[in-house]
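Undergrad: Knowing the structure of chain A, use the given hints to seat chain B on it.
Chains as they are written, first to last, in my numbering: chain A, 1 to 115; chain B, 116 to 230.
Take these hints with a grain of salt, some might be off.
[Stated by the list, open to error] Simulated crosslink set (DSS-like; lysine-lysine; CA at most 25 Å straight-line): (1) Lys227/B x Lys185/B; (2) Lys22/A x Lys38/A; (3) Lys36/A x Lys217/B; (4) Lys36/A x Lys19/A; (5) Lys19/A x Lys9/A; (6) Lys36/A x Lys9/A; (7) Lys41/A x Lys188/B; (8) Lys38/A x Lys170/B; (9) Lys170/B x Lys40/A; (10) Lys227/B x Lys53/A; (11) Lys217/B x Lys185/B; (12) Lys36/A x Lys18/A; (13) Lys41/A x Lys9/A; (14) Lys22/A x Lys40/A; (15) Lys53/A x Lys40/A; (16) Lys22/A x Lys53/A; (17) Lys217/B x Lys53/A; (18) Lys217/B x Lys38/A; (19) Lys193/B x Lys41/A; (20) Lys38/A x Lys18/A; (21) Lys40/A x Lys193/B; (22) Lys41/A x Lys53/A; (23) Lys36/A x Lys53/A; (24) Lys22/A x Lys217/B; (25) Lys40/A x Lys227/B; (26) Lys41/A x Lys170/B; (27) Lys19/A x Lys38/A; (28) Lys170/B x Lys188/B; (29) Lys9/A x Lys40/A; (30) Lys22/A x Lys36/A.
[Stated by the list, open to error] Now the stretches of chain A that chain B is said to cover, found in silico as 3 or more residues with beta-carbon under 8 Å: (31) 49–58; (32) 75–84; (33) 98–104.
Because the hints were derived from the structure by calculation, they are not lab data. All C-beta atoms, glycine included, are put in the ideal place defined by N, C-alpha and C.
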Amino acid sequence: DTEVTQTPKHLVMGMTNKKSLKCEQHMGHRAMYWYKQKAKKPPELMFVYSYEKLSINESVPSRFSPECPNSSLLNLHLHALQPEDSALYLCASSQDRRTGVGEQFFGPGTRLTVL
Amino acid sequence: AQTVTQSQPEMSVQEAETVTLSCTYDTSESNYYLFWYKQPPSRQMILVIRQEAYKQQNATENRFSVNFQKAAKSFSLKISDSQLGDTAMYFCAFMPASGTYKYIFGTGTRLKVLA
Chain A
1 DTEVTQTPKH
11 LVMGMTNKKS
21 LKCEQHMGHR
31 AMYWYKQKAK
41 KPPELMFVYS
51 YEKLSINESV
61 PSRFSPECPN
71 SSLLNLHLHA
81 LQPEDSALYL
91 CASSQDRRTG
101 VGEQFFGPGT
111 RLTVL
Chain B
116 AQTVTQSQPE
126 MSVQEAETVT
136 LSCTYDTSES
146 NYYLFWYKQP
156 PSRQMILVIR
166 QEAYKQQNAT
176 ENRFSVNFQK
186 AAKSFSLKIS
196 DSQLGDTAMY
206 FCAFMPASGT
216 YKYIFGTGTR
226 LKVLA
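Bound-form chain A, shown alone (with noise of 0.2 Å):
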């Protein structure tokens, strides 16, 4: 199996809501990362999971909590958007640099729109 999974593909919600997006991979990978992607852009990173274990912030606003649940899970909690937050959000997922390349393998994303 060499996907990478994102639920929900669309999402909309008020800048009053609460809301998660789901990422899963069953390759075995170690590293799990979260993107936001802008349209014509290129994706920004946002947070790094290493064995479970968060080890990257590129500073983002508090108001996007990351959490890995295990090693084949992200899952990204939303609370308290604004409208310019409203993008593409890709995860991908890599080996550990220890055993591989790490080449990052994406998912199809969760297109966000915030109200």
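TA: Leaving out everything else, chain B in the frame of chain A:
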């Protein structure tokens, strides 16, 4: 700091023709990896090809090949026998061989294959 530059925001090519997308980068690292990713309009980022800096031989994957010039810090992607399904945004990415999990992405080249 590393940088990646894709100087062609948009390109087009006739079906069955060959096209070359350019990517240059700047780094003081001696060992690193370079990648080309494809993101079709359906949005999932797919790894097209990978090049290890310590390997002199250019990587190839079916119709996709790279011209890696380490001294010039250049990493271009050649697509042979272009197909309509090659229409996508193409991102070049750099990653050091050790340490950080972070990719440095270029700004992307939007390629349109014309029938």
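Undergrad: All hints are to be evaluated individually against the structure, with a verdict given for each.
TA: We went through each hint and held it up to the structure:
no. : hint                : in the structure
1   : Lys227/B x Lys185/B : violated, 28 Å
2   : Lys22/A x Lys38/A   : holds, 19 Å
3   : Lys36/A x Lys217/B  : holds, 14 Å
4   : Lys36/A x Lys19/A   : holds, 16 Å
5   : Lys19/A x Lys9/A    : holds, 13 Å
6   : Lys36/A x Lys9/A    : holds, 14 Å
7   : Lys41/A x Lys188/B  : holds, 23 Å
8   : Lys38/A x Lys170/B  : violated, 34 Å
9   : Lys170/B x Lys40/A  : violated, 32 Å
10  : Lys227/B x Lys53/A  : violated, 41 Å
11  : Lys217/B x Lys185/B : holds, 21 Å
12  : Lys36/A x Lys18/A   : holds, 18 Å
13  : Lys41/A x Lys9/A    : holds, 19 Å
14  : Lys22/A x Lys40/A   : holds, 24 Å
15  : Lys53/A x Lys40/A   : violated, 31 Å
16  : Lys22/A x Lys53/A   : holds, 17 Å
17  : Lys217/B x Lys53/A  : holds, 16 Å
18  : Lys217/B x Lys38/A  : holds, 18 Å
19  : Lys193/B x Lys41/A  : holds, 22 Å
20  : Lys38/A x Lys18/A   : holds, 21 Å
21  : Lys40/A x Lys193/B  : holds, 21 Å
22  : Lys41/A x Lys53/A   : violated, 28 Å
23  : Lys36/A x Lys53/A   : holds, 20 Å
24  : Lys22/A x Lys217/B  : holds, 21 Å
25  : Lys40/A x Lys227/B  : holds, 14 Å
26  : Lys41/A x Lys170/B  : violated, 30 Å
27  : Lys19/A x Lys38/A   : holds, 20 Å
28  : Lys170/B x Lys188/B : holds, 14 Å
29  : Lys9/A x Lys40/A    : holds, 19 Å
30  : Lys22/A x Lys36/A   : holds, 14 Å
31  : 49–58               : holds (count 3)
32  : 75–84               : violated (count 0)
33  : 98–104              : holds (count 4)
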